[in-house]
Structures are given as structure tokens and as C-alpha cells.
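Residue numbers (my numbering), protein chains in the order written: chain A, 3 to 348; chain B, 3 to 348; chain C, 3 to 348.
Just so you know, the hints here were simulated from the structure itself, not pulled from any lab data.
Keep in mind that this is a model prediction, so the values were computed, not measured.
Take these hints with a grain of salt, some might be off.
Identical chains share a label here; the pair holds if one copy fits it or two copies do between them.
Here are the simulated lysine-lysine pairs, DSBU-like style, with alpha carbons at most 35 Å apart [what the hints assert, rightly or not]:
| # | residue 1 | residue 2 |
| --- | --- | --- |
| 1 | K47 | K298 |
| 2 | K172 | K70 |
| 3 | K95 | K64 |
| 4 | K172 | K101 |
| 5 | K130 | K101 |
| 6 | K298 | K70 |
| 7 | K298 | K172 |
| 8 | K302 | K289 |
| 9 | K69 | K47 |
| 10 | K23 | K64 |
| 11 | K69 | K23 |
| 12 | K31 | K250 |
| 13 | K298 | K130 |
| 14 | K302 | K101 |
| 15 | K341 | K69 |
| 16 | K336 | K101 |
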Amino acid sequence: MKFTVSEIAQMLDGTIVGDEKITIDSAAKIEEGRPGCISFLANSKYEPYVYSTLSSAVIVNKDFTPKKEVSTTLIYVENAYTAFTILLEEYQKRLSQNKSGVEQPCFIGDNSQVGSDVYRGAFSYIGKNCVIGDGVKIYPNTYLGDNVTIGNHTIIHPGARIYDNTIIGKNCVILANAVIGGAGFGFAPQADGTYKSIPQLGNVIIEDDVNIGSNTTIDCATMGSTIIRQGVKIDNLVQIAHNVEIGKNTVIAAQSGVSGSTTVGEQCVIAGQVGVVGHITIANNTKIGAQSGLGKSVKKEGLSFSGSPARDLNEHLRSMALVRRLPEMEERLKDLERKQETSDFQ
Amino acid sequence: MKFTVSEIAQMLDGTIVGDEKITIDSAAKIEEGRPGCISFLANSKYEPYVYSTLSSAVIVNKDFTPKKEVSTTLIYVENAYTAFTILLEEYQKRLSQNKSGVEQPCFIGDNSQVGSDVYRGAFSYIGKNCVIGDGVKIYPNTYLGDNVTIGNHTIIHPGARIYDNTIIGKNCVILANAVIGGAGFGFAPQADGTYKSIPQLGNVIIEDDVNIGSNTTIDCATMGSTIIRQGVKIDNLVQIAHNVEIGKNTVIAAQSGVSGSTTVGEQCVIAGQVGVVGHITIANNTKIGAQSGLGKSVKKEGLSFSGSPARDLNEHLRSMALVRRLPEMEERLKDLERKQETSDFQ
Amino acid sequence: MKFTVSEIAQMLDGTIVGDEKITIDSAAKIEEGRPGCISFLANSKYEPYVYSTLSSAVIVNKDFTPKKEVSTTLIYVENAYTAFTILLEEYQKRLSQNKSGVEQPCFIGDNSQVGSDVYRGAFSYIGKNCVIGDGVKIYPNTYLGDNVTIGNHTIIHPGARIYDNTIIGKNCVILANAVIGGAGFGFAPQADGTYKSIPQLGNVIIEDDVNIGSNTTIDCATMGSTIIRQGVKIDNLVQIAHNVEIGKNTVIAAQSGVSGSTTVGEQCVIAGQVGVVGHITIANNTKIGAQSGLGKSVKKEGLSFSGSPARDLNEHLRSMALVRRLPEMEERLKDLERKQETSDFQ
Chain A
3 MKFTVSEIAQ MLDGTIVGDE KITIDSAAKI EEGRPGCISF LANSKYEPYV YSTLSSAVIV
63 NKDFTPKKEV STTLIYVENA YTAFTILLEE YQKRLSQNKS GVEQPCFIGD NSQVGSDVYR
123 GAFSYIGKNC VIGDGVKIYP NTYLGDNVTI GNHTIIHPGA RIYDNTIIGK NCVILANAVI
183 GGAGFGFAPQ ADGTYKSIPQ LGNVIIEDDV NIGSNTTIDC ATMGSTIIRQ GVKIDNLVQI
243 AHNVEIGKNT VIAAQSGVSG STTVGEQCVI AGQVGVVGHI TIANNTKIGA QSGLGKSVKK
303 EGLSFSGSPA RDLNEHLRSM ALVRRLPEME ERLKDLERKQ ETSDFQ
Chain B
3 MKFTVSEIAQ MLDGTIVGDE KITIDSAAKI EEGRPGCISF LANSKYEPYV YSTLSSAVIV
63 NKDFTPKKEV STTLIYVENA YTAFTILLEE YQKRLSQNKS GVEQPCFIGD NSQVGSDVYR
123 GAFSYIGKNC VIGDGVKIYP NTYLGDNVTI GNHTIIHPGA RIYDNTIIGK NCVILANAVI
183 GGAGFGFAPQ ADGTYKSIPQ LGNVIIEDDV NIGSNTTIDC ATMGSTIIRQ GVKIDNLVQI
243 AHNVEIGKNT VIAAQSGVSG STTVGEQCVI AGQVGVVGHI TIANNTKIGA QSGLGKSVKK
303 EGLSFSGSPA RDLNEHLRSM ALVRRLPEME ERLKDLERKQ ETSDFQ
Chain C
3 MKFTVSEIAQ MLDGTIVGDE KITIDSAAKI EEGRPGCISF LANSKYEPYV YSTLSSAVIV
63 NKDFTPKKEV STTLIYVENA YTAFTILLEE YQKRLSQNKS GVEQPCFIGD NSQVGSDVYR
123 GAFSYIGKNC VIGDGVKIYP NTYLGDNVTI GNHTIIHPGA RIYDNTIIGK NCVILANAVI
183 GGAGFGFAPQ ADGTYKSIPQ LGNVIIEDDV NIGSNTTIDC ATMGSTIIRQ GVKIDNLVQI
243 AHNVEIGKNT VIAAQSGVSG STTVGEQCVI AGQVGVVGHI TIANNTKIGA QSGLGKSVKK
303 EGLSFSGSPA RDLNEHLRSM ALVRRLPEME ERLKDLERKQ ETSDFQ
């Protein structure tokens with residue numbers, strides 16, 4: 003996709019100083035610019051780059067006064083950072099509108115309804131009795147089982163697998179190869195040492211505005227639903243087990259895992275490679291540090307945890323500092339023992 | 003799928019009190035019931051819910067005597083919990099029998115044999131010289147390479163990738179986007195700092211009754227076979243490296259990894275996010291706690307380990323308790339030092 | 003694929019003692035041999051097996067003199083281990099040449115160019131404006147978005163997802179269900195507690211001779227490129243976040259993760275289940291032990307780290323040894339306190 007500087011200035015209500023006909027097809031940091039790129043200058047620390055950047059255009063604050071000659075085209079706006087963000091969002095929006103129509107071959111089962119303006123990529127599979135909302139994009143090589151509901155403007159990326167009975171809300175993004183609704187890991191030990199599979203008959207409900215990362219897995223409930231509440235953002239390679247509930251606007255970074263039947267509160271932040279045990283409840287606004295292992299319910303809101311097993315962040319840091327000083331502590335202990343011995347002889 | 007209460011009662015050899023024509027299409031816990039659901043009451047702790055549940059029917063023990071008016075339909079059976087389990091299993095069995103026949107387009111290479119009553123979903127790919135047993139279900143968008151063998155009644159879920167020469171037994175479940183038989187991670191360092199790929203020419207053998215989770219990866223052997231023995235249950239996002247052997251009925255929870263050429267015994271339990279180094283042997287009945295890192299062979303059976311590096315569970319717990327108490331220990335050390343100093347002056 | 007012993011001997015410039023017409027279709031360790039296999043004997047420790055192996059042929063050093071009767075066919079070569087390696091590489095090369103042509107149905111968008119001798123498997127998807135080099139293999143059920151470039155002789159395994167604008171070099175291997183170029187995990191917190199998605203408009207650049215494991219995810223840059231330099235080897239289930247750069251010939255084992263905007267040097271070795279925080283720089287030749295969590299930049303080359311948080315390997319080992327001895331240290335502390343008390347009374 004390409005824009006002229008003139009089109010961009012109009013979009014941002016900006017004023018051009020320089021060549022208004024130059025074509026822009028990409029964005030870059032001002033220090034990494036190349037011809038065809040647009041950049042922005044908001045922080046004066048980066049001002050030196052505006053005189054040397056290879057970007058074809060730079061968005062600047064309206065009060066910016068160059069101290070040297072500028073060879074790039076400048077676009078003056080109220081707030082350069084905000085304007086740049088608006089531009090990127092507009093660009094991404096137009097990019098995603100790029101895809102439409104139905105590519106062949108693709109598969110759709112009996113009795114499934116598809117809204118208006120839906121993209122269905124080649125080799126995508128939609129089962130029976132599905133309801134696909136307006137403006138939904140179903141990329142190539144995806145699988146939607148039977149009785150799946152997808153809300154308006156949700157995007158299902160290539161290779162995502164959505165099992166039977168899953169309900170996904172509006173404006174969600176399910177990234178490539180994510181698996182939603184696979185059977186939970188439930189097995190009953192038998193007397194002869196074998197395990198018998200416990201039927202997993204529930205589903206997954208994903209509310210509006212949720213983001214699910216690539217290769218992330220969210221298991222269906224044994225009965226009832228595994229629930230991902232509105233606005234939750236989940237990164238890549240995360241595991242959400244059966245019957246878990248993740249509260250509104252909670253963020254979970256890559257490679258973390260939440261075990262079965264745990265309820266995570268709203269507005270929590272779970273960093274990368276965290277493990278959370280099953281059957282616990284975590285209060286709203288809890289923060290869990292990277293690689294921690296949370297083994298107990300958190301009842302009070304707003305606390306921070308770290309370590310494996312996870313403890314109050316500050317206590318953990320204090321203990322870790324002392325672990326580092328253990329060789330020194332041992333020396334002091336030896337020293338005391340030596341003195342003690344000496345005094346025993348006296 | 004729908005059943006009438008009358009059909010269910012017949013299936014469970016139960017007696018109905020209430021409306022025998024009501025239709026059931028789902029199961030729920032008694033406290034989460036909705037119209038159309040069936041629930042059960044086994045534990046008297048939950049008795050209050052039987053008077054208020056919205057479930058259309060509840061399975062109860064034959065000796066249950068309501069203390070108040072009950073508006074839901076009751077099905078009296080010998081043992082409510084067992085009956086409910088039987089019902090769920092029957093439901094799941096019928097669900098899975100739902101899929102049959104060959105959806106188009108799908109691909110099958112020369113010389114591959116397919117048993118009777120096999121489901122082949124759209125966009126599934128079967129290579130050359132494969133042998134697919136009776137009652138196998140191959141969901142859409144799956145890939146089976148050349149010379150793959152799949153035993154009777156095994157289910158290959160959407161997006162699973164089964165590389166050349168893999169042998170999978172009977173009654174296995176391979177969940178979505180699992181990868182079986184990818185090249186092991188073997189590279190020989192060269193004098194110039196580069197790494198040369200070591201050919202990975204072995205395969206993966208999965209015995210009967212094995213469960214492989216979504217997005218789990220099991221690498222093929224360099225030579226010979228990576229082997230998953232009968233009854234093993236592996237959760238999502240697990241990594242099994244080349245030439246590993248996992249013993250009978252061992253269970254591995256999500257996001258754990260076993261490094262190359264390690265042999266895990268029978269009936270072991272490996273919790274979530276565990277790491278096991280390569281080239282070791284783990285005795286039968288070993289238990290490894292979540293997030294542990296096992297670095298050495300385990301020779302004695304029946305032990306429990308925890309921590310990174312992993313140690314005997316009880317020793318680890320004792321050390322961890324003292325790590326938490328390090329600030330206090332440091333205080334005591336300081337106290338002794340002060341007293342020592344004082345006594346030096348005396 | 004099958005070879006006669008005579009063909010193999012010719013390939014390796016070897017001399018046969020035994021039946022030169024026997025057919026070989028597989029390789030095995032000498033102690034695990036079966037009929038139809040070829041093995042090698044280089045280390046005299048394994049000599050006893052040459053008298054009992056079931057392998058049909060064994061490659062031996064030219065100075066090998068049997069001490070007993072040998073029933074298998076021997077191939078005498080200059081260096082048995084090297085010859086065996088050459089044989090395996092030749093075998094793998096021929097195996098991969100097995101695949102060619104275009105299987106139907108498959109999809110290719112407008113304006114995409116495909117080189118000579120390219121394999122395109124059934125249900126593979128190539129978007130618009132792609133450039134696919136000579137000898138590339140695109141396995142079934144793969145997805146390549148728009149404007150993707152793939153260098154000569156690169157192999158894209160089943161189910162791999164390559165997003166728009168990705169550039170992949172020559173002789174790379176992208177294993178099954180890997181996701182290259184998915185949106186980075188970037189969200190701006192809003193005043194009302196929700197998160198707004200930050201457009202991710204950059205791409206991923208993978209240089210020549212790179213290996214990406216199964217189910218690994220590499221996110222595209224916010225702006226600019228996430229870069230994987232020449233010769234990098236990445237194992238399964240690894241997460242590489244947006245704007246990361248991995249230096250030449252660095253190796254990353256399974257289930258590790260590198261957070262956003264971090265730069266990893268050349269020739270580093272990152273073991274399994276490691277976490278690296280964002281926005282740091284790691285010097286060349288750094289080694290990071292399994293399950294470590296690296297939280298700070300590493301400026302000096304050639305260091306080794308371990309632990310979470312990661313520290314100098316030796317310091318970490320010393321502290322861990324003392325953690326194990328904490329119960330003993332506490333006893334010594336108690337002992338001193340008792341003596342102190344006693345002396346207070348004197």
C-alpha cells in the first residue's frame with residue numbers, strides 16, 4: 003500500500019514543508035529510516051537524526067524549528083507521536099481490509115450462516131451449524147468445528163483450530179496455529195495403573211476484544227465453559243487448561259500456563275514463563291513476575307509476586323539477595339565458630 | 003445431539019420421577035445447570051441445589067428422599083456418580099461417531115491402504131504407502147507423510163502433522179497441531195563456527211492408548227526410534243526430543259520438556275513446565291514437581307523430586323523454607339557477631 | 003529407498019567382505035541392528051557387537067581385524083565414522099529430493115514467481131507477489147502470505163505459517179507448524195483499564211542456513227525487522243518476540259523465549275526453557291544454562307550464566323550448593339546461639 007505525503011498530511015490535518023508528492027510505503031524509526039519510509043520526531047533527544055535521516059518524510063510537532071538544513075520532507079502536526087500512531091492504525095486497518103471474498107477450494111458444512119463481507123481463505127474449513135458474523139476474516143488452512151460462533155470483525159489467522167461449540171466474541175484476533183477448545187487433560191487413574199480419559203464435554207467462551215497468540219492452546223471445560231473475558235490479551239505458546247476463567251483485561255505473556263479450574267481476576271499481569279497451579283483464585287490487579295510458580299490463591303488485590311514457589315515480590319527479592327550472599331554468610335559463620343572455639347579454650 | 007429423559011433413564015437402568023419427555027442436549031454441574039442440561043447429585047453437601055437447579059433433569063441415588071419440593075425431573079439410579087460418568091462417556095462416544103466418510107477435497111498418495119469406516123476430513127493429506135486402520139478419524143487440515151501406520155480407532159485431530167515412517171498404535175488421540183516425527187535438534191559444530199545438520203533418519207513409535215496434547219512436539223530419532231509406550235498421556239505444548247523413550251502409563255503435564263536420548267520409566271508423573279536433561283534414565287514411579295529441572299538419572303523407584311536443579315522433594319522443601327527465613331538468619335548472625343565483639347572487649 | 007551393499011561400498015570407496023548383493027534400507031546403531039540395516043564400528047568398545055549384530059552390513063576401519071567369526075557383511079573404509087556420516091547425509095539428500103512437482107489442489111496468488119524444480123504440496127497456499135527460489139520445497143497445508151520471499155533450496159514443512167513480507171534466505175529449514183511473522187505482543191494501556199493494540203507493521207528476516215523448530219513462533223517487528231542471522235539453529239516451541247535480533251550461528255534449545263527488542267550476539271548457546279527479558283544486549287559467545295532467566299545485558303564475551311535470575315555460572319553453583327546446606331548452616335547457627343547463651347550466664 004502506498005500513500006503520497008499529501009494524502010498523509012490531509013489524514014493527519016498537517017502542514018507540509020518539502021515535497022508533497024513523494025510516495026510513502028513503510029514506516030521506520032527516525033534513526034533507521036530508508037527512502038519510502040515515514041518517521042516521527044517527538045522527543046528532542048532524537049532531533050539530530052532529523053538532519054541525517056534517510057526517511058522520505060518525518061512527522062514533527064508544530065513548534066519544531068530546525069537548527070540546520072533538513073533534506074527530508076516535514077509534516078507539522080499538533081502532536082507528532084499521536085499523529086504517527088493514528089497513521090499506523092489507519093495503515094493496519096486498510097491492510098486488513100485487503101482480504102475479502104471466498105477463495106476456492108474451501109469447505110462449509112450444512113446449516114452454517116455466514117455474515118456479510120466475510121473473507122474465507124482457501125482450504126479453510128467451517129463445520130455444521132456455525133454462525134459467522136459480519137466482516138469476519140477466516141484465513142487459509144483454518145479449522146472451525148461444528149456449532150462454532152464467531153462475532154463481527156473477528157480475525158481467525160492461518161492454521162488456527164477452533165473446536166466444536168466454541169463461542170468467540172467481536173473484534174477478537176486469534177493468531178496462527180492457536181488451538182481453542184481441545185480436550186482438557188483429564189484422566190482418572192485405574193487400579194491396573196492405566197488412566198481412563200474423562201469425557202471433556204464443555205466448551206470455550208471468548209468474549210469481545212480478546213487477543214490469542216500464535217500456537218497458544220486453550221482447552222475446553224470438562225463441563226461448562228473455559229472463559230476468557232473481555233479485553234484479555236494472551237501471547238504466544240501459552241497454555242490455558244480446562245475450566246479456567248481469565249478476568250477482564252488481564253494480560254498473559256508468552257509461554258505461561260494456567261492449570262485447570264483456576265480463576266484469574268481482572269487487570270492482572272502475568273509475565274512470561276509463569277506457571278499457575280490448578281483450583282486457585284487470583285484477585286484482581288495481581289502481578290506475577292516472569293518464571294514464577296504461583297501455588298496458592300491470592301485474596302488481596304493489587305499484590306506482586308515472584309519466585310518459584312512465588313512469594314511477595316519484595317520478600318522474594320530480599321531472600322534472593324541473601325542467596326547471592328550465602329558464601330559470605332558461611333564465612334561469617336565459620337569465623338564465629340573459630341572464635342567460639344578459641345573462647346572455649348580460654 | 004439430543005436425548006429424552008426417557009432414553010437416558012433406559013440407558014442407565016433408572017426410574018423417572020417427573021417429565022420423561024423433556025429433551026437433554028448438555029451436561030452441567032448441579033449448581034450451574036440450565037434448561038436442557040442434565041446434572042447429578044451424589045454428595046449430600048450439594049443437596050440444596052437440587053431444589054433450585056435450572057437443569058432439566060438430575061440423576062440421584064436410589065435412596066435419595068427430597069426434603070422440599072423438587073421442580074426438576076429426577077432419575078433414580080444405583081449410583082448417581084457412576085451413572086453420570088457412563089452417560090458422559092456414551093455421549094462422547096456417539097459424538098465421535100458423528101464423523102464419517104470422506105470429505106472433498108482430500109489427498110491420498112499411491113499405495114496407501116485405508117481401513118473400513120474411516121473419516122477423512124477435507125484438506126487432509128495422506129502420503130504414499132500408508133496403512134490406516136479401521137475406524138480411524140483423520141480430521142481436516144491434517145498431514146500424514148509417507149509410510150505412516152495408524153492403528154484402529156485412533157483419532158488425528160485438525161492440523162496434526164505426522165512425519166514419514168511414524169507408527170501410531172490403536173485407540174490413540176493426537177490433538178490439534180501436534181507434530182510427531184519432526185527432525186531432532188542435532189547439529190555438529192564445525193571449525194568455522196557454523197553448525198552442520200546431523201541427518202535424522204529414525205522415526206517415532208507411539209504404542210496403543212496414548213494421548214498427545216495440542217501443539218506438542220515429538221521429534222524423530224537420529225537412528226532407531228523415539229518411543230512413547232502404551233497408555234502414556236502427554237498434555238499440550240510438551241517437547242519430547244529425539245531418541246527419548248517414555249515408559250508405560252507415564253503422565254506428562256503441559257509445557258514440560260524431555261531432552262534427547264533420555265529414558266523415562268513407567269507410571270511416572272511429570273508435572274507442568276518441568277525440564278529433564280538428555281541422556282539420563284528415570285526409574286519407574288518417579289514424581290517430578292512443577293517447574294523442576296531434573297539433571298541426573300534416578301535409579302531408585304518411587305521417589306519424588308522438586309526444584310531446579312531438582313532434589314528429593316522433602317530436602318528441597320526444607321531448603322526452600324530456610325531460603326524464606328534467610329533475612330531472619332542473617333539477623334541472628336549479626337546478633338551473634340555483635341555479642342562476640344562485645345565479649346572480645348571484655 | 004534401498005541400496006545394495008555394492009552401491010554403498012562404491013559410494014564410500016570401500017572394500018566388501020561378505021555378500022555384496024544384500025539390500026540396505028535403514029541405518030541403526032550396531033547394538034540395535036536389524037536385517038536390512040547398516041551400522042558402523044569405530045570405537046573398539048563396541049567391537050563385541052560386530053560378532054552378534056543383526057545388521058546386514060557394518061562399516062569398519064580398514065585396519066580392523068576380526069577376532070572371531072563375523073556373520074554380517076563388512077565394508078572396509080579409511081574412517082568408519084566419517085564414511086557412515088557421509089552415507090547418512092547422502093541418504094537424507096536423496097530422500098528430500100523425493101518430493102517434486104505440484105500436487106493439486108494448491109493455491110497461488112497473483113503475481114507470485116516460482117523458481118525451477120519447486121515442490122508445492124497439496125493444500126499449500128502462496129499469497130500475492132511472492133518470490134519462491136529454485137529447489138524450494140513447500141510441503142502440504144502450509145501458508146505463505148503476500149510479498150514473501152523464500153531463497154533457493156529452503157524447505158517449508160507441513161503447517162508452517164509465513165506471514166506477509168517475511169524474507170527467508172537460502173538452505174533454511176522451517177519445521178512443521180512454526181509461525182513466522184505473527185503480530186508482536188504490543189498493547190498500550192488505556193485510562194479505562196483496556197489495552198489498545200499497537201500496529202505491528204514490520205516483518206521477519208531470516209538469513210541463510212537457519213533452522214526453525216516445530217511449533218516455534220517468531221513475531222514480526224513493530225516497525226523494522228525481527229532478524230535471525232545466518233546459521234542460527236532454533237529448536238521446537240521457542241518464542242522470539244518482536245524486534246529481536248539473534249546473531250550468527252547462535253543455538254537456542256527447546257521452549258526458550260527471548261522478549262521484545264533484545265539483541266543476542268553471535269555463537270551464543272541458549273539451553274532449554276530459558277527466558278531472556280526484553281530490551282537487553284547479549285555479547286557474543288555467551289552461554290545460558292537450562293531454565294535460567296536472564297534479566298540484564300551481558301557486555302563481556304564468552305561468559306556463562308545460570309539460575310533465575312541468572313548469574314555467573316560458578317557463583318550460582320556455589321550459592322546453590324549452600325542452599326542445599328542451609329539446614330546444616332541453621333544447625334550451626336543454633337549451636338552458636340546456645341553456646342552464646344551459656345557464656346552469657348557464666
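Against the structure, the hints come out as follows:
{"no.": "1", "hint": "K47 - K298", "verdict": "between (46 Å within a copy, 24 Å between copies)"}
{"no.": "2", "hint": "K172 - K70", "verdict": "neither (50 Å within a copy, 44 Å between copies)"}
{"no.": "3", "hint": "K95 - K64", "verdict": "within (26 Å within a copy, 61 Å between copies)"}
{"no.": "4", "hint": "K172 - K101", "verdict": "both (18 Å within a copy, 29 Å between copies)"}
{"no.": "5", "hint": "K130 - K101", "verdict": "both (24 Å within a copy, 11 Å between copies)"}
{"no.": "6", "hint": "K298 - K70", "verdict": "neither (61 Å within a copy, 38 Å between copies)"}
{"no.": "7", "hint": "K298 - K172", "verdict": "within (33 Å within a copy, 39 Å between copies)"}
{"no.": "8", "hint": "K302 - K289", "verdict": "both (12 Å within a copy, 32 Å between copies)"}
{"no.": "9", "hint": "K69 - K47", "verdict": "within (14 Å within a copy, 77 Å between copies)"}
{"no.": "10", "hint": "K23 - K64", "verdict": "within (21 Å within a copy, 74 Å between copies)"}
{"no.": "11", "hint": "K69 - K23", "verdict": "within (25 Å within a copy, 84 Å between copies)"}
{"no.": "12", "hint": "K31 - K250", "verdict": "both (33 Å within a copy, 24 Å between copies)"}
{"no.": "13", "hint": "K298 - K130", "verdict": "neither (42 Å within a copy, 51 Å between copies)"}
{"no.": "14", "hint": "K302 - K101", "verdict": "neither (46 Å within a copy, 48 Å between copies)"}
{"no.": "15", "hint": "K341 - K69", "verdict": "neither (71 Å within a copy, 68 Å between copies)"}
{"no.": "16", "hint": "K336 - K101", "verdict": "neither (72 Å within a copy, 69 Å between copies)"}
In the structure shown, a violation is registered for the earlier hints numbered 2, 6, 13, 14, 15 and 16, in ascending order.
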